[in-house]
Amino acid sequence: MSDLALDISLTVNGERVSERVEARKSLVDFLREDLGLTGSHVGCEHGVCGACTMRVNGEIVRGCLMLAVQCDGATVETIEGLSDSGEVADLQAAFEQRNALQCGYCTPGMIAAAQDLLKRAKETKSVPSRDEIREHLSGNYCRCTGYHAIVDAVGFVAQARAGGKK
Amino acid sequence: MKPAPFAYKKVRSLAEAVALLGEHKDARLLAGGQSLIATLNMRLSAPSLLIDINGIGGLDGIAHKGGAVEIGALVRHAKAERSDAVAKHAPLLARALPHIGHAAIRNRGTLGGSIAFADPAAELPACLLALDGEVDATGPKGKRTIKAADFFKGLFETALGPQDVLTAIRIPAAGKDTRVGFAELARRHGDYAIVGLAASARADGKGLADVRLAFFGVGATAMRAKKAEAALASGNVDAAVAALDLEPQDDVQATGAVKKHLAGVLLRRVAMQLLEARS
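Heads up: the sequence lines are chains V and U, in that order. The opening residue of the first sequence carries number 9 in our numbering; numbering runs sequentially from there. The opening residue of the second sequence carries number -6 in our numbering; numbering runs sequentially from there.
Just so you know, the hints here were simulated from the structure itself, not pulled from any lab data. Please note: incorrect hints may appear among the correct ones.
Chain U side only, calculated, beta carbon under 8 Å to chain V, not exhaustive [what the hints assert, rightly or not]:
no., residue
1, Gln27
2, Ile30
3, Ser38
4, Leu178
5, Asp231
6, Lys253
Below, in silico cross-link-like pairs of lysine-lysine (DSBU-like), each with a Cα-Cα straight-line distance of 30 Å or less [said to hold, decoys possible]:
no., chain 1, residue 1, chain 2, residue 2
7, V, Lys130, U, Lys72
8, U, Lys3, V, Lys33
9, U, Lys81, V, Lys133
10, U, Lys220, V, Lys33
11, U, Lys18, U, Lys58
12, U, Lys134, U, Lys169
13, U, Lys199, V, Lys127
14, V, Lys127, U, Lys72
15, U, Lys72, U, Lys58
16, U, Lys199, V, Lys33
17, U, Lys169, V, Lys33
18, U, Lys140, U, Lys81
19, U, Lys146, U, Lys220
20, U, Lys81, U, Lys18
21, U, Lys72, V, Lys133
22, U, Lys81, V, Lys130
23, U, Lys136, U, Lys3
24, V, Lys33, U, Lys134
For each residue, glycine too, the CB sits at the ideal point set by N, CA and C.
Input sequences plus hints: build the corresponding full structure.
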């Protein structure tokens, strides 16, 4: 059938992209293999580990559970885009300072998920508690840190963005 | 793993989806894709065609009308979770939704998809059963409505025919006497439940009437524990736990005996919620 591969146009990290992709190709594989954006990682490929967490149309999604062809017309932001724009610079610095990563495999997804929580908190003018941080990051596996340092880093940035440490 | 090759077609109308389902017997509908794409990735399923229904208009509304809450099949979990109408008129769903997957999953997953997939350990089928809700489906012969009690037939099996598209779910709007309860046990928040319980009842003086207990993760479908319902309606929580008419099988998460015990634990927790006055 002719629809095994389709032409798509989308915006990735602010740049317009037009490509022909196989229907079966996941969004994260498309970004990594066709566009060379290898910041989003591929872990479990069934939505459990969170390593491929990225933003599509402003909301975080699993890059392994969306097809590239579904993103025709969409706006996709990966860790490369979040990083280059400076949007997550304070989170990245806090992760480094607090040893919130070791191997770094989960970090792009972790930062994307954390930024989603902090962005929402800003909209509601609230500061997420440690429990809320843990719950929001529950969909992101880390096998190195034991999570405490990650929660510390996100909590620190949450306080800092809300106007200083408590 | 990567999926086997398939064709992809984004449809713009229900008629188009129904017709394509007729032409391609092994086609699958793609809504949120949060279960489907995982099974494709693991090659547990290899359809020749995915019919993307996300472009069909009019299936993503939430409406409170005629004493019911109607939720379009393409409403995403995250949207329902933030809906004032759901919070106010569908409190059981409001309690259950945060347990579904994780934030990134809830941004994509749809209520219709979850009901149509009928995972025995999923939250929403149990909620639909506990609330005596119903499902709208459109097929070659037009639209029909199916009661929750008649909808879930077996493991991942529903009353939907091969050319049916689920279009909406409908549940009775909560009244001032409505009591609901929800609890589940999972290894990690957002994972599929080891055991879960969705419940509704009507406050009747100091007691409860019309108790409906829908357990999930305990069998091939979400299932009611009718003897326990009767015992709870008579006000005796201990008797309700003793009367639990469930026979869960062993699975990868727990033995049947453990699940049965945990079902009793959840029943006690949910009974407390049912007996609380609504704020």
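Each hint tested on the structure:
1. Gln27: Because about 5 Å separates glutamine 27/U from the closest Cβ in chain V, which is inside the 8 Å limit, the hint holds.
2. Ile30: 5 Å, holds
3. Ser38: 12 Å, violated
4. Leu178: Given a least distance of 15 Å, the restraint on leucine 178/U is violated.
5. Asp231: 32 Å, violated
6. Lys253: 27 Å, violated
7. Lys130/V - Lys72/U: 19 Å, holds
8. Lys3/U - Lys33/V: Measuring from Cα to Cα gives roughly 16 Å; hence the hint holds.
9. Lys81/U - Lys133/V: 23 Å, holds
10. Lys220/U - Lys33/V: Since the Cα atoms of lysine 220/U and lysine 33/V sit roughly 49 Å apart, the hinted pair is violated (cutoff 30 Å).
11. Lys18/U - Lys58/U: 37 Å, violated
12. Lys134/U - Lys169/U: Distance ~39 Å between lysine 134/U and lysine 169/U Cα, so the pair is violated.
13. Lys199/U - Lys127/V: 44 Å, violated
14. Lys127/V - Lys72/U: Measuring from Cα to Cα gives roughly 17 Å; hence the hint holds.
15. Lys72/U - Lys58/U: 18 Å, holds
16. Lys199/U - Lys33/V: The given pair, whose Cα atoms are some 57 Å apart, is violated under the 30 Å limit.
17. Lys169/U - Lys33/V: 49 Å, violated
18. Lys140/U - Lys81/U: Measuring from Cα to Cα gives roughly 23 Å; hence the hint holds.
19. Lys146/U - Lys220/U: 21 Å, holds
20. Lys81/U - Lys18/U: 41 Å, violated
21. Lys72/U - Lys133/V: Holds, because 20 Å separates the two Cα atoms, which is no more than 30 Å.
22. Lys81/U - Lys130/V: Between lysine 81/U and lysine 130/V the Cα gap is close to 25 Å, so the pair holds against 30 Å.
23. Lys136/U - Lys3/U: 21 Å, holds
24. Lys33/V - Lys134/U: 35 Å, violated
Hint violations for this structure: numbers 3, 4, 5, 6, 10, 11, 12, 13, 16, 17, 20 and 24, all remaining hints satisfied.
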